[in-house]
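Asks: Read off the chains here:
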Amino acid sequence: MSNHTEIRWHGRGGQGAKTAALLLADVAFQTGKYVQGFPEYGPERMGAPITAYNRISDTIIRAHSNIYDPQYVVVVDESLLETVDVTSGLKEDGAILINTERPKEEIIPHLKGYKGAVYTINARKISMAALGKYFPNTPLLAAIVKVAQIMDKDTFLREMRSSFHHKFSNKPEVIEGNMKALEMAFEEVH
Amino acid sequence: MARRDRLSGNEAVAEALRQINPDVFPAFPITPSTEIPQYFASFVANGKVDTEFIPVESEHSSMSAAIGASAAGARALTATSSCGLAFMWEELYIAASNRLPLALALVNRALSGPININCDHSDSMGARDSGWIQMYAENNQEAYDNMIQAFRISEHKDVKLPIMICQDGFITSHAVENIELLEDEEVRSFVGEYKPENYLLNPECPMSVGPYSVTDYYMEAKRNQAEGMKHAQQVVLDVANEFAGLSGRKYGLFEAYRLEDADRAVVMIGSAAGTTKDAIDRLREKGEKVGLLKIRLYRPFPAEAIAEALKNVKAIAIMDRAEGYSDHGGPLGADVMAALFRAKSTALATNIIYGLGGRDVRVEDMEQVFKDLQTMIVQNDAGDTYRYMGLRE
Chain D
27 MSNHTEIRWH GRGGQGAKTA ALLLADVAFQ TGKYVQGFPE YGPERMGAPI TAYNRISDTI
87 IRAHSNIYDP QYVVVVDESL LETVDVTSGL KEDGAILINT ERPKEEIIPH LKGYKGAVYT
147 INARKISMAA LGKYFPNTPL LAAIVKVAQI MDKDTFLREM RSSFHHKFSN KPEVIEGNMK
207 ALEMAFEEVH
Chain S
841 MARRDRLSGN EAVAEALRQI NPDVFPAFPI TPSTEIPQYF ASFVANGKVD TEFIPVESEH
901 SSMSAAIGAS AAGARALTAT SSCGLAFMWE ELYIAASNRL PLALALVNRA LSGPININCD
961 HSDSMGARDS GWIQMYAENN QEAYDNMIQA FRISEHKDVK LPIMICQDGF ITSHAVENIE
1021 LLEDEEVRSF VGEYKPENYL LNPECPMSVG PYSVTDYYME AKRNQAEGMK HAQQVVLDVA
1081 NEFAGLSGRK YGLFEAYRLE DADRAVVMIG SAAGTTKDAI DRLREKGEKV GLLKIRLYRP
1141 FPAEAIAEAL KNVKAIAIMD RAEGYSDHGG PLGADVMAAL FRAKSTALAT NIIYGLGGRD
1201 VRVEDMEQVF KDLQTMIVQN DAGDTYRYMG LRE
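Protein sequences, first through last, are from chains D and S.
What the first sequence shows, in our numbering, is residues 27 to 216, in sequence order.
What the second sequence shows, in our numbering, is residues 841 to 1233, in sequence order.
Bear in mind the hints are in silico, worked out from the structure with no lab data behind them.
All residues carry an ideal CB built from backbone N, CA and C; glycine is no exception.
One or more of the hints may lead you astray.
[Stated by the list, open to error] Which bits of chain S does chain D cover? Going by a derived footprint, with three or more residues having C-beta under 8 Å, they are: (1) 1010 to 1018; (2) 1108 to 1115; (3) 1200 to 1210.
Can you make the complete structure from the sequences, with help from the hints?
Replies: Below is the structure:
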């Protein structure tokens, strides 16, 4: 099980947590890894809490269960900190990444004593600056790639540009904005 | 040349269908199979296939249209899940009894109620006696590979029966994983052109399809239908053999994983088999002799081969992702127990209902199943032969 990374995403329906997990699988695949990206569906409605998962490994992945003891957790919507046990099973030598406008010190008391690393990013600010709209998943994708050291920045940006060209072939005007959001997030996560 | 890619199970099946380029695809959407006709519709719109795609108003109609197309001499299929399959019930029997070699990409989902969109096998298990061949997949790769082999089995002159290619809803249908794809030309030459022997649109040989059968003939017609099923096992093996030559991936009627020297075995269907393999590897590292028999072909049921593969095992857990409401177990449990009985097996066997409505299956859950099998061996008693796994008390 050498070099096997497990990530759990917490978001709300409509925020793109599932898309982010699938994009992460996509970009990790491009670097030759075995990958899994999958959502856990509850009631399908905008705003309902949803969970998505990633496994990224050097060896073939066979397990098809959800992830209970992740190395990394991404919280796409900080209001979930009050309602979902986001640090459940999270490894202490791992990290949690939270999208928030608040300073980190204000967030830590809501993490039920989690002792691992805590990272925050203001995805709203980045998304509004880069895209003019609020899509938190793009900045969070870049941030988790950096935090979990999935790959280096140049490789990541190169692979994402090629992925966006494929994904947004019908609306190429959004590619530059998304690329800018990724670059800003890579710098601003801390 | 294989192409390495990453696709969800639904994308993988849609990709196989693009490569097969069938004649007719009528469809009505239902979660979690919707993406299959959705992706395929974009192939049609972009001219990647020349399939006649027919959006219909219900699953009753999608299967009826597939039957009509198949009877006319076309290579046809549709896709569905759960209540969509239930709404095709009457047509399932009509397709099979008319010996129409059409395909159904089924994405397994629980039947209502309570209403639930997640995976179990209650939909396809209910259709196990409808006369369709049923094949199941552990992951996206197997769903893709089974889809490519489907028409070769279904259209074989000794079989001529419809085929259901099943995969687990969301767990594989919506999970993006690595996959190896074949080249388009390889798939097209493997699947070949469909040349039906008898078909409605043949002016040289007028025929009728689906006529009334008086009592005097009905039973012979049903026995003939069973004969097609009897030949299917060998055809499945022959097609798998040829497919292995093309892809390097070997398939049989079932997969035996670390079973050759096992004293304890799990028998199951679908995506949880991968999780079970991880549990087996963990226990094997501790020297425990545990193994898995994963069903690929469920209809026809390879009873003799399964009993043979399990002949040295002392304790067996047969895992059903569907209730049978017989009050003594699920459908796979009944089939495997009957196979063991006929082979005069002395193994201790229990039937476990698990994973209903998408209830998650963890590696630890499967380790516990093997532990329970050990208890059965130690006590020389199967204990409760009809149990539930992962149920909240």
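Asks: For each hint, tell me whether it holds in the structure or not.
Replies: Outcome of the hint check:
Restraint check on the stretch 1010 to 1018 of chain S versus chain D: 8 residues with Cβ-Cβ distances below 8 Å, three needed, restraint holds. Coverage of the stretch 1108 to 1115 of chain S by chain D holds [criterion: at least 3 residues with CB-CB distance below 8 Å; count 4]. Counting residues of the stretch 1200 to 1210 of chain S whose CB lies closer than 8 Å to any CB of chain D gives 4, which reaches the minimum of 3, so the coverage claim holds.
The structure agrees with every numbered hint stated previously.
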